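Numbering (numbering that gives the first Met the number 0), first residue to last: 0 to 130.
Note that these hints are calculated values from the structure, not bench results.
These figures come from a predicted structure and were not determined experimentally.
The beta carbon of each residue, even a glycine, is placed where N, CA and C say it ideally should be.
Just so you know, not all the hints are guaranteed correct.
If you anchor each label on the Cβ, the simulated ranges turn out as follows [as the list claims (entries may be wrong)]:
(1) Tyr103 with Ala9: 17 to 23 Å
(2) Glu84 with Ala9: 35 to 41 Å
(3) Arg85 with Ala115: 35 to 41 Å
(4) Arg39 with Glu96: 28 to 34 Å
(5) Ala9 with Val74: 33 to 39 Å
(6) Pro128 with Val97: 27 to 33 Å
(7) Pro83 with Pro128: 16 to 22 Å
(8) Pro128 with Ala5: 15 to 21 Å
(9) Val60 with Thr16: 20 to 26 Å
(10) Ser17 with Pro102: 21 to 27 Å
(11) Arg85 with Asp28: 23 to 29 Å
(12) Ser26 with Pro46: 31 to 37 Å
(13) Asp4 with Arg85: 18 to 24 Å
Heads up, simulated DSBU-like pairs for lysine-lysine below, C-alpha to C-alpha not over 35 Å straight-line [what the hints assert, rightly or not]:
(14) Lys94 with Lys64
(15) Lys122 with Lys64
(16) Lys122 with Lys94
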Amino acid sequence: MAPRDAVFPAGRQDLYTSQTYSAAIRSGDLLFVSGQVGSRTDGSPEPDFEAQVRLAFINLVATLKAGGCGLDDIVDVTTFHTDPERQFGTVMTVKGEVFPQAPYPNWTAVGVNWLAGFDFEIKVIARIPGA
Numbered sequence: 000m001a002p003r004d005a006v007f008p009a010g011r012q013d014l015y016t017s018q019t020y021s022a023a024i025r026s027g028d029l030l031f032v033s034g035q036v037g038s039r040t041d042g043s044p045e046p047d048f049e050a051q052v053r054l055a056f057i058n059l060v061a062t063l064k065a066g067g068c069g070l071d072d073i074v075d076v077t078t079f080h081t082d083p084e085r086q087f088g089t090v091m092t093v094k095g096e097v098f099p100q101a102p103y104p105n106w107t108a109v110g111v112n113w114l115a116g117f118d119f120e121i122k123v124i125a126r127i128p129g130a
């Protein structure tokens, strides 16, 4: 069985420690990234929805980097939305900027009724280059 190594982006380990989970787990050649939200450095939600989505991607990139990956290494994406019908256009705009060309990662979008004060969350699985 491959070991599980916890991964934390710079400057945010205390936030994860207080919530008792890891930002990501590296196992073998895969990085399993926990749901990333548009949280400010103190953990509070960014109130503007588009800014919250952009910040979630910024937090995702920081976590990927800490695990030795980048956006091009993502193979699977799951996003969670509190109001998918209203929010999807904004998410698709940001997604198009983050992933501007094929091949695109797998993507599953799920509507939910609660995200601890957030309106968007993204979790991914990435292959670690050279692992």
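These are the hints, each one checked on the structure:
1. Tyr103 with Ala9: 17 to 23 Å: Taking Cβ atoms as reference, Tyr103 and Ala9 lie about 28 Å apart, which means the hint is violated.
2. Glu84 with Ala9: 35 to 41 Å: With a Cβ separation near 36 Å, Glu84 and Ala9 satisfy 35 to 41 Å, so the hint holds.
3. Arg85 with Ala115: 35 to 41 Å: This hint is violated: roughly 19 Å between Cβ atoms.
4. Arg39 with Glu96: 28 to 34 Å: violated, 21 Å
5. Ala9 with Val74: 33 to 39 Å: The hint (33 to 39 Å, Cβ to Cβ) is violated, given that Ala9 and Val74 are roughly 24 Å apart.
6. Pro128 with Val97: 27 to 33 Å: Roughly 18 Å apart at Cβ, these two residues miss the hinted range, so it is violated.
7. Pro83 with Pro128: 16 to 22 Å: violated, 33 Å
8. Pro128 with Ala5: 15 to 21 Å: Between Pro128 and Ala5, where Cβ atoms are some 20 Å apart, the hint holds.
9. Val60 with Thr16: 20 to 26 Å: holds, 21 Å
10. Ser17 with Pro102: 21 to 27 Å: violated, 37 Å
11. Arg85 with Asp28: 23 to 29 Å: violated, 38 Å
12. Ser26 with Pro46: 31 to 37 Å: holds, 35 Å
13. Asp4 with Arg85: 18 to 24 Å: About 39 Å separates the Cβ atoms of Asp4 and Arg85, which means 18 to 24 Å is violated.
14. Lys94 with Lys64: holds, 19 Å
15. Lys122 with Lys64: Answer holds: Lys122 to Lys64 is near 14 Å, not above 35 Å.
16. Lys122 with Lys94: holds, 13 Å
Checked against the numbered hints given earlier, the structure breaks hints 1, 3, 4, 5, 6, 7, 10, 11, 13 and satisfies all the rest.
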